[in-house]
Amino acid sequence: ELKVEQNPLFLSMQEGKNYTIYCNYSTTSDRLYWYRQDPGKSLESLFVLLSNGAVKQEGRLMASLDTKARLSTLHITAAVHDLSATYFCAVVPWAGNTDKLIFGTGTRLQVFP
Amino acid sequence: DSGVTQTPKHLITATGQRVTLRCSPRSGDLSVYWYQQSLDQGLQFLIQYYNGEERAKGNILERFSAQQFPDLHSELNLSSLELGDSALYFCASSAYSREGEQFFGPGTRLTVL
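Chains U and Y, in that order, give the protein sequences. Take the first sequence: its letters are residues 1 to 113, numbered as in the working numbering. Take the second sequence: its letters are residues 1001 to 1113, numbered as in the working numbering.
Treat the hints loosely; a few may be bogus.
To be verified - Under the rule of at most 27 Å between Cα atoms (straight-line distance), these lysine-lysine pairs were calculated in the DSS-like manner: (1) Y/K1009 - Y/K1057; (2) U/K3 - Y/K1057; (3) U/K68 - U/K41; (4) U/K41 - Y/K1009.
Said to hold, decoys possible - Residues of chain U clear of chain Y, computed beta-carbon distances all greater than 10 Å: (5) V55; (6) M62; (7) T105; (8) G106.
Just so you know, the hints here were simulated from the structure itself, not pulled from any lab data. All C-beta atoms in this analysis are idealised placements derived from N, C-alpha and C, irrespective of residue type, glycine included.
Given the sequences, and given the hints that come with them, work out the whole structure.
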């Protein structure tokens, strides 16, 4: 059964600093997604990563995928308060004809002045 | 706004009762997914429908059932409710594409007293 782990679970960082969130998954997959969730709100799609070596950037966030290592990273550059939220990675299992998402535990990011 | 709508936004009910959650996917999306988010279980896939047919089942209890109608809207029925069913229930939809990106609705917060 596919398992998805994120670390850290909680991240408190100062504005202007850089940090990386890690997402590991246990079985083969070629599709990985990053979502953002504000407290009590829905999930907002950030990135879709479809192949080994894929890298995508949007503003201060950059996501990458290494399918051989079964690892994705979400890098935050020069954090600002508006980035405070919970970030989830989600993976689609390789086998079968379903696109169900298996979510990681989430990383709660808090950016302070 | 993702284009996915869910009703109601909030639902408060008693143990043993039955409720129905409704979801309308984005225009043109044939796939509908249901997810449950709770503090102890995190985000879990429940069930997927594609163009009216059940495509995949996750950790969905026997007390729960779902269907997708010809107009593609979907309903999730929860019966014999227990305190532990209190959670945020999300519906998501996706188009048939390589990316398979899922767009989430605002969610229904269910409280069982």
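Item to complete: Any hints from earlier that this structure breaks? Give me their numbers in increasing order, please.
Response: Result: hints 3, 7, 8 break, sorted rising.
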